[in-house]
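> Dock chain B against the given chain A, drawing on the hints supplied.
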Amino acid sequence: MSCAEMEFMIQRYYDGELVTEEESLLQAHLHTCQSCDQEFREFGTLFGDIGALRLQVEHRDILSRTLERLEEAQLKRQSDRWYRGVAVAAAVLVVVSTALVSWTDSGQAMKHRVSAFFAQQTQTQPLMKVEVPPTHVEHDPQQAQAALENIYAQVQFPLMELTDPRLQVESTSLTGVDADQMYQMVELEYRLVGKQAGESDLVHFLATPDNSLKSRAKSNLGTYEFKGEVQAGAFRWAKVGEHAITAEINEVYYQLFSPFLSTQDLLEMAKSIQKR
Amino acid sequence: MKEQDLVAGALVDQASMAELLRMIEPYVFQTAYYLTGSKMDGEDVAQDALWKICRSLHQFKGDSSFRTWVYSVVLNTYRDAARKKRRVTVPLEDTYVDHAPSVEETVATRSRLDDLRREIMKLNTEDREIFVLRHLQQLSYSEVAATMEVTEAHVRSRLYRTRQKLKHMLYGGE
Chain A
1 MSCAEMEFMI
11 QRYYDGELVT
21 EEESLLQAHL
31 HTCQSCDQEF
41 REFGTLFGDI
51 GALRLQVEHR
61 DILSRTLERL
71 EEAQLKRQSD
81 RWYRGVAVAA
91 AVLVVVSTAL
101 VSWTDSGQAM
111 KHRVSAFFAQ
121 QTQTQPLMKV
131 EVPPTHVEHD
141 PQQAQAALEN
151 IYAQVQFPLM
161 ELTDPRLQVE
171 STSLTGVDAD
181 QMYQMVELEY
191 RLVGKQAGES
201 DLVHFLATPD
211 NSLKSRAKSN
221 LGTYEFKGEV
231 QAGAFRWAKV
241 GEHAITAEIN
251 EVYYQLFSPF
261 LSTQDLLEMA
271 KSIQKR
Chain B
277 MKEQDLVAGA
287 LVDQASMAEL
297 LRMIEPYVFQ
307 TAYYLTGSKM
317 DGEDVAQDAL
327 WKICRSLHQF
337 KGDSSFRTWV
347 YSVVLNTYRD
357 AARKKRRVTV
367 PLEDTYVDHA
377 PSVEETVATR
387 SRLDDLRREI
397 MKLNTEDREI
407 FVLRHLQQLS
417 YSEVAATMEV
427 TEAHVRSRLY
437 RTRQKLKHML
447 YGGE
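In the order they appear, the protein sequences are chains A and B.
Mapped onto my numbering, the consecutive letters of the first sequence carry residue numbers 1 to 276.
Mapped onto my numbering, the consecutive letters of the second sequence carry residue numbers 277 to 450.
Here chain A stands alone, though its shape is the one from the complex (with noise of 0.2 Å):
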């Protein structure tokens, strides 16, 4: 065996994963090789110094942190429970009252009740839950503008915006308003206007400051494939594969990705990138 492969053979002894007969074969070629004898005592001290290195460290406590954001975290979650189960039995009482004024031809008295009713419930008004306005549509250029534009009333991040005119948004999400996720991740889909109909007119845009994020998303790349950077428009973007290509702006992750379009045709649509 050749002292390079024994060079392998040594690190494999300190991982402890030599079987016996390796093992006498190692032993005896470094009773004959010198060299490989010092490799060995140089990889035992180096193993040996790095097992010295795994060491108790006293932190600061931040398990209690946690544990306090944990339950701040609980107790907002069942107080906007709570909000909306007033909110469901004042519409319960609201139908039941109008019901009842319908059903009973009696008049005035009851009417008064009634009205008397609304007044109270005018006052816990502001402690329901307002209803978010949607931000979710499929294929649709007419809503998607308009979710657009909700998207934009919602989102916690800078988000810029695709100005290329070629491009009309059809789909939009948004993820992460609630209170359960840390971060917010904006998914719209673009239909290449002018092209002809058919295959290679989508364009997916993703932008996120988690990045950890883009594994749950609907365009998700899986691995990138890293392709180089080039100058677009005010920004520098990476090309990732074939098909995408991604910018970090202002702490946010921008992904452009297209079946059917080169990094070149995304790059052109990149430039466009702008503050709204």
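Fair warning: there could be bad hints in the mix.
The calculated lysine to aspartate or glutamate pairs, modelled on EDC-like cross-linking and capped at a C-alpha distance of 20 Å, are [said to hold, decoys possible]:
id : chain 1 : residue 1 : chain 2 : residue 2
1  : B       : K328      : A       : E251
2  : A       : K271      : A       : E161
3  : B       : K441      : A       : E5
4  : B       : K360      : B       : E402
5  : B       : K315      : B       : E419
6  : B       : K328      : A       : E71
7  : B       : K315      : B       : E279
8  : B       : K315      : A       : D61
9  : B       : K441      : A       : E68
10 : B       : K328      : A       : E68
11 : A       : K227      : B       : E402
12 : B       : K328      : A       : D210
13 : B       : K328      : B       : D317
14 : B       : K443      : A       : D37
15 : B       : K441      : B       : E395
16 : B       : K441      : A       : E42
17 : A       : K275      : A       : D140
18 : B       : K443      : A       : D49
19 : B       : K360      : A       : D210
20 : B       : K441      : A       : D140
Selected chain A positions facing chain B (in silico; Cβ < 10 Å) [as the list claims (entries may be wrong)]:
id : residue
21 : R41
22 : E42
23 : F47
24 : L67
25 : R69
26 : L148
27 : L162
Hints listed in this document are in silico derivations from the structure and should not be mistaken for laboratory results.
For each residue, glycine too, the CB sits at the ideal point set by N, CA and C.
What follows is chain B alone, placed relative to chain A:
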């Protein structure tokens, strides 16, 4: 108790969640500390990672081991933090490596260990992650591979090369 049961319990019950976090906190912090090479940064990354674990526990599907899943959250949190840090600060300096010396370290080995720590901080991110998981967290090669979503052969070849380099820089005579 089996991992699956622990996770299932933690999803419905706050006390079980606290217990689960208490169990993983030591190695979450240790890993973050070894990766960042700094106690303060390690604490920040560990706290962020613990919170992410609470929040995304429902996404743990059980097709990997729970420990592996936890490590991968820590690695992702560390990578995000490192990327943000890199933009505002200058590259790592030697003083970046602050550590609490263990009692066992004698004066003689002390400076050698300091050198080793410094060299580890100079490794690229992937090599450092592999080194930390394998040697300082004592994961098996296959666990390291599963955590990092690469092949076991890749982990081995990277780590063999790293150790060769470290040995050459620190202990190689010629």
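> Would you mind marking each hint as holding or not holding in the structure?
Going down the list of hints, with the structure as the test:
no.	hint	in the structure
1	K328(B) with E251(A)	18 Å, holds
2	K271(A) with E161(A)	11 Å, holds
3	K441(B) with E5(A)	17 Å, holds
4	K360(B) with E402(B)	17 Å, holds
5	K315(B) with E419(B)	25 Å, violated
6	K328(B) with E71(A)	15 Å, holds
7	K315(B) with E279(B)	29 Å, violated
8	K315(B) with D61(A)	12 Å, holds
9	K441(B) with E68(A)	44 Å, violated
10	K328(B) with E68(A)	14 Å, holds
11	K227(A) with E402(B)	18 Å, holds
12	K328(B) with D210(A)	11 Å, holds
13	K328(B) with D317(B)	16 Å, holds
14	K443(B) with D37(A)	14 Å, holds
15	K441(B) with E395(B)	9 Å, holds
16	K441(B) with E42(A)	12 Å, holds
17	K275(A) with D140(A)	24 Å, violated
18	K443(B) with D49(A)	11 Å, holds
19	K360(B) with D210(A)	11 Å, holds
20	K441(B) with D140(A)	58 Å, violated
21	R41	9 Å, holds
22	E42	4 Å, holds
23	F47	8 Å, holds
24	L67	6 Å, holds
25	R69	6 Å, holds
26	L148	27 Å, violated
27	L162	24 Å, violated
This entry does not satisfy hints 5, 7, 9, 17, 20, 26 and 27, going by the numbered hints stated previously.
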